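Residues per chain are reported as follows:
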Amino acid sequence: MEGKGNLILVLENVTVFFGGLAALSGVSFGAVRGEITALIGPNGSGKTTALNVISGLKKPNRGEVLLEGQRITGMSPHEICARGVGRTFQNLQLFQQMSVLENVKVGLHSRTRTGFLRAMARWPDMKREEKWVHEKAMAALKAVGLAEKAHWIAGSLPYGDRKRLEIARAMVFDPVILLLDEPAAGLNIAETEKLGEIFLSLRQNGTSMVLVEHDMNLVMGISDRVVVLHYGSKIAEGKPQEVRRDPKVIEAYLGGELPHA
Amino acid sequence: MGDQLLQFVLSGLTTGSIYALVALGFCIIHNATGIVNFTQVDFITLGGMVMYTLFRQVGLQQWIAFPLAVAAVGLVGAMVQRLAIRPARSKEVIHLIFITIGISIVLRGGIKQIWGKASMALPPLSGEEPLRFLGATVLPQSIWIFLISVAVVVGLHLFFTRTTTGKAMRATASNPRAASLMGIDSNKMVMVSFLLSGALGAVAGILIVPITTLAYDVGIMIGLKGFAGAILGGYGSFLGAIVGGLGLGVLESLGAGIVSSDYKDAIAFVILIVVLFFKPSGILGKGESTRV
Amino acid sequence: MARRIQLMILGLLAILVAAIPLVVTNPYYLNVLNIVGLNSLIVVGLNLLIGYAGQISLGHAAFYGLGAYTSGILTVTYGWSPWLGLGASLLLSGIVAYIVGRPTLKLKGHYLVMATLGFNVILNIVMVRWEEMTGGPSGLAGIPPLRILSFSFDTDLKNYYLIWFFALMAVGASINLVDSRVGRALKAIHGSELAANTLGVNTPLYKAAVFVISAVTASLAGSLYAHYFGFISPRTFDIFFSIELVTMVIVGGMGNLWGNIFGAAFLTPLPQVLHFLEEYKDIVYGAILALMLMFVPEGIGGVISKAYTRRKMRNLLGEGT
Numbered sequence: 001m002e003g004k005g006n007l008i009l010v011l012e013n014v015t016v017f018f019g020g021l022a023a024l025s026g027v028s029f030g031a032v033r034g035e036i037t038a039l040i041g042p043n044g045s046g047k048t049t050a051l052n053v054i055s056g057l058k059k060p061n062r063g064e065v066l067l068e069g070q071r072i073t074g075m076s077p078h079e080i081c082a083r084g085v086g087r088t089f090q091n092l093q094l095f096q097q098m099s100v101l102e103n104v105k106v107g108l109h110s111r112t113r114t115g116f117l118r119a120m121a122r123w124p125d126m127k128r129e130e131k132w133v134h135e136k137a138m139a140a141l142k143a144v145g146l147a148e149k150a151h152w153i154a155g156s157l158p159y160g161d162r163k164r165l166e167i168a169r170a171m172v173f174d175p176v177i178l179l180l181d182e183p184a185a186g187l188n189i190a191e192t193e194k195l196g197e198i199f200l201s202l203r204q205n206g207t208s209m210v211l212v213e214h215d216m217n218l219v220m221g222i223s224d225r226v227v228v229l230h231y232g233s234k235i236a237e238g239k240p241q242e243v244r245r246d247p248k249v250i251e252a253y254l255g256g257e258l259p260h261a
Numbered sequence: 001m002g003d004q005l006l007q008f009v010l011s012g013l014t015t016g017s018i019y020a021l022v023a024l025g026f027c028i029i030h031n032a033t034g035i036v037n038f039t040q041v042d043f044i045t046l047g048g049m050v051m052y053t054l055f056r057q058v059g060l061q062q063w064i065a066f067p068l069a070v071a072a073v074g075l076v077g078a079m080v081q082r083l084a085i086r087p088a089r090s091k092e093v094i095h096l097i098f099i100t101i102g103i104s105i106v107l108r109g110g111i112k113q114i115w116g117k118a119s120m121a122l123p124p125l126s127g128e129e130p131l132r133f134l135g136a137t138v139l140p141q142s143i144w145i146f147l148i149s150v151a152v153v154v155g156l157h158l159f160f161t162r163t164t165t166g167k168a169m170r171a172t173a174s175n176p177r178a179a180s181l182m183g184i185d186s187n188k189m190v191m192v193s194f195l196l197s198g199a200l201g202a203v204a205g206i207l208i209v210p211i212t213t214l215a216y217d218v219g220i221m222i223g224l225k226g227f228a229g230a231i232l233g234g235y236g237s238f239l240g241a242i243v244g245g246l247g248l249g250v251l252e253s254l255g256a257g258i259v260s261s262d263y264k265d266a267i268a269f270v271i272l273i274v275v276l277f278f279k280p281s282g283i284l285g286k287g288e289s290t291r292v
Numbered sequence: 001m002a003r004r005i006q007l008m009i010l011g012l013l014a015i016l017v018a019a020i021p022l023v024v025t026n027p028y029y030l031n032v033l034n035i036v037g038l039n040s041l042i043v044v045g046l047n048l049l050i051g052y053a054g055q056i057s058l059g060h061a062a063f064y065g066l067g068a069y070t071s072g073i074l075t076v077t078y079g080w081s082p083w084l085g086l087g088a089s090l091l092l093s094g095i096v097a098y099i100v101g102r103p104t105l106k107l108k109g110h111y112l113v114m115a116t117l118g119f120n121v122i123l124n125i126v127m128v129r130w131e132e133m134t135g136g137p138s139g140l141a142g143i144p145p146l147r148i149l150s151f152s153f154d155t156d157l158k159n160y161y162l163i164w165f166f167a168l169m170a171v172g173a174s175i176n177l178v179d180s181r182v183g184r185a186l187k188a189i190h191g192s193e194l195a196a197n198t199l200g201v202n203t204p205l206y207k208a209a210v211f212v213i214s215a216v217t218a219s220l221a222g223s224l225y226a227h228y229f230g231f232i233s234p235r236t237f238d239i240f241f242s243i244e245l246v247t248m249v250i251v252g253g254m255g256n257l258w259g260n261i262f263g264a265a266f267l268t269p270l271p272q273v274l275h276f277l278e279e280y281k282d283i284v285y286g287a288i289l290a291l292m293l294m295f296v297p298e299g300i301g302g303v304i305s306k307a308y309t310r311r312k313m314r315n316l317l318g319e320g321t
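In the order they appear, the protein sequences are chains A, B and C.
Numbering-wise (our numbering), the first sequence opens with residue 1 and increments by one.
Numbering-wise (our numbering), the second sequence opens with residue 1 and increments by one.
Numbering-wise (our numbering), the third sequence opens with residue 1 and increments by one.
One chain only, chain A, in its complex shape:
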């Protein structure tokens, strides 16, 4: 792997068992700082499991996860988040009853401090903090194009908006790395392009990303590197164009061609 010292995220030999089934088998790869690393593979290849391991939702049976050189394997999800890992979910985990703005504000939890006692007593510091939270949240909403719907109830948003809300919520705290689980699923071409723009602008600001996706246009269009999983093992890794031509990869996708980029 080039630029080893520049790896913001490393998975070392990660193995995850569900009962008797190995969802991930000795998977190792790295994400370079400031790059968009795509994680692709047919359904069931272990991509979401990999994200779950990184974000701390699943403890691997074997292997390590390193964030900026520090071991985060086995840490609880909120601790990992505090270290700068943000993530979105494949099947959306929005807070349906809360407003759009409130959803995003929760994303700043790890960067704020007001606790129970201070909140109950309405400590003066809190006002300043709330102002900051409000501004950052609105900025994130603006970046994804949802600012006008800030006071809508999240559950009432159309699908495309919900996906963007989840992204806003995950990126609002300026994570060092953002884990995206099929952000383009269910979106049309125009919406997907918009998404790509958002990601590219995040990358420009220095945010690294791990992008799990099925939409090959998006993957080929914006990723710097691609890692391919198949039945829980890594079968290819490299630049997007290289991976596209890799025979192992082509065979994995039903022995046919990869969809055109």
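Think of the hints as simulated: they come from the structure by calculation, not from any bench.
Be careful, since some hints might not be right.
Straight-line distance between alpha carbons at most 27 Å, and here's what the computed BS3-like set of lysine-lysine pairs gives [what the hints assert, rightly or not]:
no., chain 1, residue 1, chain 2, residue 2
1, A, K59, C, K281
2, B, K112, B, K91
3, B, K279, A, K59
4, C, K312, B, K117
5, B, K112, C, K281
6, A, K136, C, K312
Reference listing, derived: stretches of chain C covered by chain B, where coverage requires no fewer than 3 residues with Cβ under 8 Å from a Cβ of chain B [said to hold, decoys possible]:
no., stretch
7, 3-14
8, 109-116
9, 122-135
Small disclaimer: the values here were computed from a predicted structure and weren't measured.
A virtual CB, placed ideally from N, CA and C, is assigned to each residue, including glycine.
Using the hints provided, position chains B and C relative to the given structure of chain A.
Quick look at chains B and C alone, frame taken from chain A:
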């Protein structure tokens, strides 16, 4: 000391059988609906009460009154489902559980109205003379409790494995969608589960009341402990209910005899909490997904 | 509802509460209002637990009782000063709640319900059986009233102001809490624990904290009860009272603070009101509970807040077009 131990174990198995029956009642409804049915405690009381009325007031023979009382309470169970659970607007577990709490309060109030607050006595099924067994004394009622409990368990097993309705219930419990696609009416299955749990509660009540006494709230402690037994054995599992119920009875009896009889009632709940804290899946360790 | 508006309502309520004794002087009614106040205090804490952390407890009568008995025993048997006893009982309840809460809150759904219920039963049995300490089934008597210097809270009226002071403070603290980073985190946990975790919310800690807060408010109510009535017995703190408390929360609407206070205000005097239906008290109470849950599961507060939200959305969407 050995004699004493045997005594404790035997008496523990007696109450344990009752707990097992109650645990099965909870188990069946849980598998069908996912809820804890608080009216179970009143089914126990009702069993004793109806039996009392049929036997003492109507003057039927015990052997006729018994099954009639069981059937009557089973019917009450079915009515609870039909009138309170089915029409409920929300199917959320927590709402349904509290509906059963409300109905339980209503049932208890009704029982108080009909039979009064005073305690009553129900005679045992055969004699009162204790029998000797390997150095311990056993009430004849205890033997009836064992025998009838075994019969009930065997009957239930046959019901769930041999009859169409029983198999349909198991299907609904394990995969409600597929079951309804195959034409099984899930509402009816739920009603049957309430009927069965009513019947089980009634059997438990009728059997134990001659040993304890009969009052409008006798079912509460027995019911809650039966639930503790279900959790101990592994909630949701048939075998777990039996193992847990018997186990709880024995542990309770040993605990009361050896440690302290003052806090006897607390033992079951301490066990409940310990199990929930350390191994919520219970002795038999089956997960939530296991059905009857 | 916006925080400002809620605080204004609180202010109005405070004025109302302060003024009521000018009109209502009958000590019997004041007594009922005092119990409403105590129940409201408990319910505010319970509301946070049930409505925001999404955890149901059927054992809060245990903390009510723990507060009452600790205060009672410390003052009667050991001669402690009542305020010191109150502080000690708050601390004890908090610690017990933390110890019990951490493992319990890991449990799901009805397991949690039964664990709290079991806890309540155990504590209740201890209250009855540990006669040397608690006075057994006949209870503990001779509990002195609370005092500030030479002013003794020894009448219904004086306790009315004391109790409602605490109750309204609790409501205010709760309003503040909900509209804060903590409140958002709690709502997030309720909405999706998974997402809340990955967004940095230390869910186990927050759940435990809310459990402790709800236990401590219940304990505070218990101590106030003990010093008010001067006499406590185990029957007040059984699982049926826990059920009554949760009923108040459900009838008012889970997570709906004002609804819950309404629930407390409505349901507390109900057994008294149904007194003339003394015979059928239980049946009516149970029927109300069951029927509410069958047909209005979101509670009265829920109905009102849904209508309010619908209007708000209509306005927002209307503005867009």
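Hint check results:
Annotation: proposed proximity of K59(A) to K281(C) is violated, straight-line Cα distance about 54 Å (limit 27 Å). The hinted pair formed by K112(B) and K91(B) fails the criterion: a straight-line CA distance of about 30 Å is larger than 27 Å. Between K279(B) and K59(A), the direct Cα distance comes to roughly 20 Å. Compliance with the 27 Å bound is thereby established for this hinted pair. Our distance criterion of 27 Å between C-alpha atoms is broken by K312(C) and K117(B), whose separation comes to about 53 Å.
For the hint linking K112(B) to K281(C), the alpha-carbon distance of about 11 Å falls within 27 Å, and the restraint holds. Of the pairs offered as hints, the one joining K136(A) and K312(C) holds, with about 25 Å between alpha carbons and a cut-off of 27 Å not exceeded. Residues of the stretch 3-14 of chain C lying with their CB closer than 8 Å to a CB of chain B number 0, which falls below the three-residue condition for coverage. Here the stretch 109-116 of chain C counts 6 residues with a CB under 8 Å from a CB of chain B, which clears the bar of 3, and the coverage holds.
With a cut-off of 8 Å between beta carbons, the stretch 122-135 of chain C has 4 residues touching chain B; three or more are needed, and the interface restraint holds.
Comparing the model with each earlier hint shows violations of hints 1, 2, 4, 7; every other hint is respected.
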